[in-house]
Amino acid sequence: MTVGFVMLCHTAFDRAAQVARHWAERDCPVVIHVDRRVRRPAYDRLVEALADLTNVRFSGRHACEWGTWGLVAATQEASTLMLREFPQVRHVYLASGSCLPLRPVEEMVAYLDERPRTDFIESVTTGDVGWTVGGLNIERFTLRFPFSWRKQRLLFDWYVGLQRRIRFRRRIPAGLVPHLGSQWWCLTRQTLSAILDDPDRARYDRFFRKVWIPDESYFQTLVRLYSSNIESRSLTLSKFDFQGKPHIFYDDHLQLLRRSDCFVARKIWPHAGKLYRFFLSPDREGQAQAEPNPGKIDRLFAKAVERRTKGRPGLYMQSRFPDANWINIRTAAPYSQFQGFSDVFKNFETWLGKTAGTRVHGHLFAPGRVEYAGGETVYNGALSDSAKMRDYNPKSFLTSLIWNTRGERQCFQFGPGDRQDINGFVAADPNAQISVISGAWAIPLFRSNANFGDIRREAARLQKIEAEYLDLLRNHWIKARVRVWTLAEFVENPMEPLQTIVDEISPRAMRRLTEVPCMVDLTGFGQFLQNLRNQGMQPVLMGDFPAGDGQPPGNPRRGRPYLVQ
Amino acid sequence: MARPVHSDARAIGELSPLAPLSPAEIWTAWRLRWKRRRLLLRALRKRGQLRPLADRTAAIRPADILGLATVRNEALRLPYFLDHHRRLGVGHFLIVDNGSDDGTVEMLRGQPDVSLWSTGDSYKLSRFGMDWLTWLQIRHAHGHWCLTLDADEILIYPYWETRDLRALTERLDAEGRESFGAVMLDMYPEGRLSDREYRAGEDPFATLAWFDGGNLIVQVQPRMRNLWIQGGVRARLFFRAGPRRGPTLNKVPLVRWNRRFAYVNSTHAALPRRLNRVYDETGGEALSGVLLHTKFLPVAPGKAAEEKQRAEHFANSAQYDAYYDSLVADPVLHCAASTRLTGWRQLEAMGLMSRGGWI
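First to last, the sequence lines map onto chains C and Z. If you want the working numbering, it's the 1-based position in the first sequence plus 237. If you want the working numbering, it's the 1-based position in the second sequence plus 6.
Check each hint, because a few of them may be wrong.
Calculated Cβ distances over 12 Å to all of chain C for the following chain Z residues [to be verified]:
id : residue
1  : Thr34
2  : Arg48
3  : Leu56
4  : Gly105
5  : Met113
6  : Pro278
7  : Gly308
8  : Ser323
9  : Gln325
10 : Asp327
Under the rule of at most 30 Å between Cα atoms (straight-line distance), these lysine-lysine pairs were calculated in the DSS-like manner [as the list claims (entries may be wrong)]:
id : chain 1 : residue 1 : chain 2 : residue 2
11 : Z       : Lys41     : Z       : Lys52
12 : C       : Lys504    : C       : Lys540
13 : C       : Lys625    : Z       : Lys314
14 : Z       : Lys41     : Z       : Lys130
15 : Z       : Lys309    : C       : Lys625
16 : Z       : Lys52     : Z       : Lys130
Computed footprint of chain C on chain Z, listed as stretches where at least three residues anywhere in the stretch have a Cβ under 8 Å from a Cβ of chain C [unchecked claim]:
id : segment
17 : 168-175
18 : 219-229
19 : 287-299
20 : 339-350
21 : 354-360
No lab work stands behind these hints: they were computed from the structure. Built from N, CA and C at the ideal position, the CB exists for glycine as well.
Sequences and hints are given; from them, build the entire structure.
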């Protein structure tokens with residue numbers, strides 16, 4: 238017993254002829270159908286190219302526009318011819334001109350010989366398919382489709398909508414349960430002939446003539462009437478992209494195709510010479526016995542769909558630039574922005590770097606230059622430290638930095654003395670962790686050697702900027718992880734906030750802080766704030782700092798916070 | 007060539023979704039329609055400036071992919087340029103020579119798949135060669151996929167080594183796309199520009215092996231909705247103080263041409279503006295490529311001196327004197343954060359191009 242191939246061809250006839258010859262020479266009869274829209278000379282050349290093979294036939298030609306009845310009519314006629322002319326055929330395999338056998342024919346024949354009663358056809362009830370183009374499932378059968386989906390899309394959509402509104406429904410012939418599935422099947426003689434010789438065939442054909450994309454439903458539905466043993470999967474490896482177009486296989490897919498263990502794959506690029514040479518070579522040995530397993534390569538295709546539809550978050554480039562509605566995650570990875578910490582602690586950056594195991598930047602948005610970790614002048618990805626370049630497009634700067642350092646958590650200092658243009662962007666980014674010690678900017682002023690009048694003016698300026706930022710952080714659309722302490726609160730109990738932040742940065746470490754950063758000496762800070770007040774400036778962001786010696790009560794060791802046990 | 011374009015660009019997250027039926031949009035569309043017509047008319051008027059030297063356009067077959075370029079003294083770069091794009095499947099090259107005197111003309115005349123025109127008129131007044139190329143496109147490119155490049159640009163894209171331009175353009179056709187975007191990547195050597203020698207026909211990326219991997223500045227210009235990508239090594243070194251004037255790096259080099267189309271500003275943007283939609287606006291990634299830029303071959307300092315003196319490459323050339331002077335000084339472009347080129351998969355992983363859904 239053997240298998241016969243029905244090939245539907247409409248282009249790349251050289252390759253179709255090559256494959257047909259491969260099968261025919263290995264005692265598998267081939268019936269070829271050529272689209273009627275193909276010109277005569279091309280058809281004649283194909284016929285001539287295969288003229289020397291006695292087990293190749295050409296069937297009557299139908300025009301096969303995508304999604305129309307012509308494809309089914311062509312299949313019916315070619316299959317009838319196959320069953321009539323080649324009595325030794327037990328399984329009929331429906332293939333296209335761009336199919337390529339991946340395993341030796343003998344393996345396929347052996348495989349089918351072991352399963353002489355099995356019909357391989359993907360056949361799924363309409364409620365269970367998730368892949369249909371245009372979202373039409375059962376409506377493929379119950380509506381009318383006089384307009385072409387490809388060429389008259391507007392009319393098509395309008396007419397479908399109209400029929401839905403007026404609740405138009407076609408009646409499905411009694412006894413039929415609509416099923417859908419891949420159009421590439423392999424049926425036994427018994428089943429196929431039962432479908433083709435059915436006394437009711439004329440009635441069914443009349444119905445399916447007006448169904449949308451009948452080649453994905455005609456055999457898939459009728460096979461349920463006759464087959465005793467349906468294996469609902471296609472033996473042909475065929476993948477579709479997110480637009481419902483078949484993926485094309487190229488030379489670089491050689492290993493991928495081998496790995497799939499499938500018998501036949503489509504669509505093969507006609508110019509993929511290496512694939513045709515390799516898989517059609519006469520001395521190819523197979524993996525015998527291996528079960529076809531397209532699942533092995535499914536992940537790759539799922540990832541491609543995801544890349545095309547979702548992209549890589551945080552990447553902005555010449556083919557990805559989401560508009561305001563689509564930009565949810567703005568950066569490639571989580572990062573932390575610290576406001577006031579390097580004012581409160583003497584060695585905060587070094588300490589954090591050591592504790593969290595990452596490099597910690599200074600003020601990335603400082604007005605003078607970008608203060609990268611370690612004082613670098615160019616950073617990963619050759620980012621410049623020029624403040625002008627950063628300020629020209631701060632969003633590009635930040636997203637590039639986060640993108641370039643994927644895999645390494647970015648931490649940087651921020652403050653009211655820095656450029657503020659980026660604030661809204663960071664605040665709306667779910668990847669941002671913003672920690673603010675409000676009013677900490679006063680500490681450098683307190684320790685500075687400047688005239689008090691200048692200090693007062695600067696304090697007023699910084700307080701205004703920080704207050705605006707804190708207002709922004711209270712908005713309802715904020716997506717960043719925001720934590721704000723007043724300076725007084727923080728100094729009271731610095732360990733707990735630090736522990737929380739570090740745990741969030743390196744969750745796997747999950748250990749108690751042992752080494753703590755060294756706090757600056759705040760003796761006299763309360764008096765400093767009082768002096769500001771006395772001069773008419775009201776410092777409010779620090780919280781309640783007693784005017785006394787500057788250290789809030791309850792902190793016995795100055796300059797050195799206690800350990801949390 | 008890189009020219010600053012002045013308009014209110016939209017940064018990341020600021021691009022509002024297109025509302026094609028709003029009155030403002032309709033008005034813009036109308037104005038751009040006339041702009042495109044003016045550009046076409048301009049090309050028509052300038053057609054007299056072109057003198058055919060080798061017209062082999064009769065050999066163009068209907069499915070051929072065409073390559074177009076305006077060149078001047080590129081005898082050094084052209085052999086590799088032609089080889090590379092021929093290998094990618096360009097069927098016929100249409101080249102305008104703008105007054106070369108280094109053997110470029112003789113070399114191109116001898117190529118069987120090159121049609122050559124010559125002109126002595128001003129490059130700048132011809133919109134940096136675009137008027138001439140637009141005329142050739144009107145005449146010869148209708149219905150063809152058309153690759154418009156400079157002689158120092160080498161196109162690569164995902165899978166380029168195994169899938170030629172036929173495969174790429176079939177893919178674009180299948181996706182219903184008419185244009186393909188690429189970003190220019192300035193390639194540079196490790197030492198001074200003139201340290202190593204380069205002979206015509208050699209692989210330029212043996213020495214120009216380095217690039218800046220992640221300092222591009224991306225925004226969108228709302229009027230034509232085209233990208234505006236700047237940055238790269240030239241911005242890092244020569245436009246630190248005025249990044250807005252830094253070179254524009256986004257291009258739309260590959261278009262299924264229609265005789266009614268026109269490039270607006272080199273090949274950075276085109277009209278009708280749907281051709282500029284080479285990027286996905288809904289968060290996904292479209293298929294895109296990279297133009298490897300061979301500007302920094304050892305001849306670059308000499309060329310910069312010549313270009314500065316000719317003042318033909320920028321709309322207001324005087325502003326770029328400092329840039330030229332830096333190049334003439336034979337600088338080192340390489341830095342500790344430079345990346346060494348290993349292949350397209352590296353560029354794809356770094357996000358400098360994308361395979362979209364193509365596997």
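Evaluated hints:
no.: 1; hint: Thr34; verdict: holds (17 Å)
no.: 2; hint: Arg48; verdict: holds (27 Å)
no.: 3; hint: Leu56; verdict: holds (31 Å)
no.: 4; hint: Gly105; verdict: holds (32 Å)
no.: 5; hint: Met113; verdict: holds (30 Å)
no.: 6; hint: Pro278; verdict: holds (19 Å)
no.: 7; hint: Gly308; verdict: holds (26 Å)
no.: 8; hint: Ser323; verdict: holds (22 Å)
no.: 9; hint: Gln325; verdict: holds (16 Å)
no.: 10; hint: Asp327; verdict: holds (19 Å)
no.: 11; hint: Z/Lys41 with Z/Lys52; verdict: holds (17 Å)
no.: 12; hint: C/Lys504 with C/Lys540; verdict: holds (19 Å)
no.: 13; hint: C/Lys625 with Z/Lys314; verdict: holds (25 Å)
no.: 14; hint: Z/Lys41 with Z/Lys130; verdict: holds (19 Å)
no.: 15; hint: Z/Lys309 with C/Lys625; verdict: holds (29 Å)
no.: 16; hint: Z/Lys52 with Z/Lys130; verdict: holds (13 Å)
no.: 17; hint: 168-175; verdict: holds (count 5)
no.: 18; hint: 219-229; verdict: holds (count 8)
no.: 19; hint: 287-299; verdict: holds (count 8)
no.: 20; hint: 339-350; verdict: holds (count 5)
no.: 21; hint: 354-360; verdict: holds (count 4)
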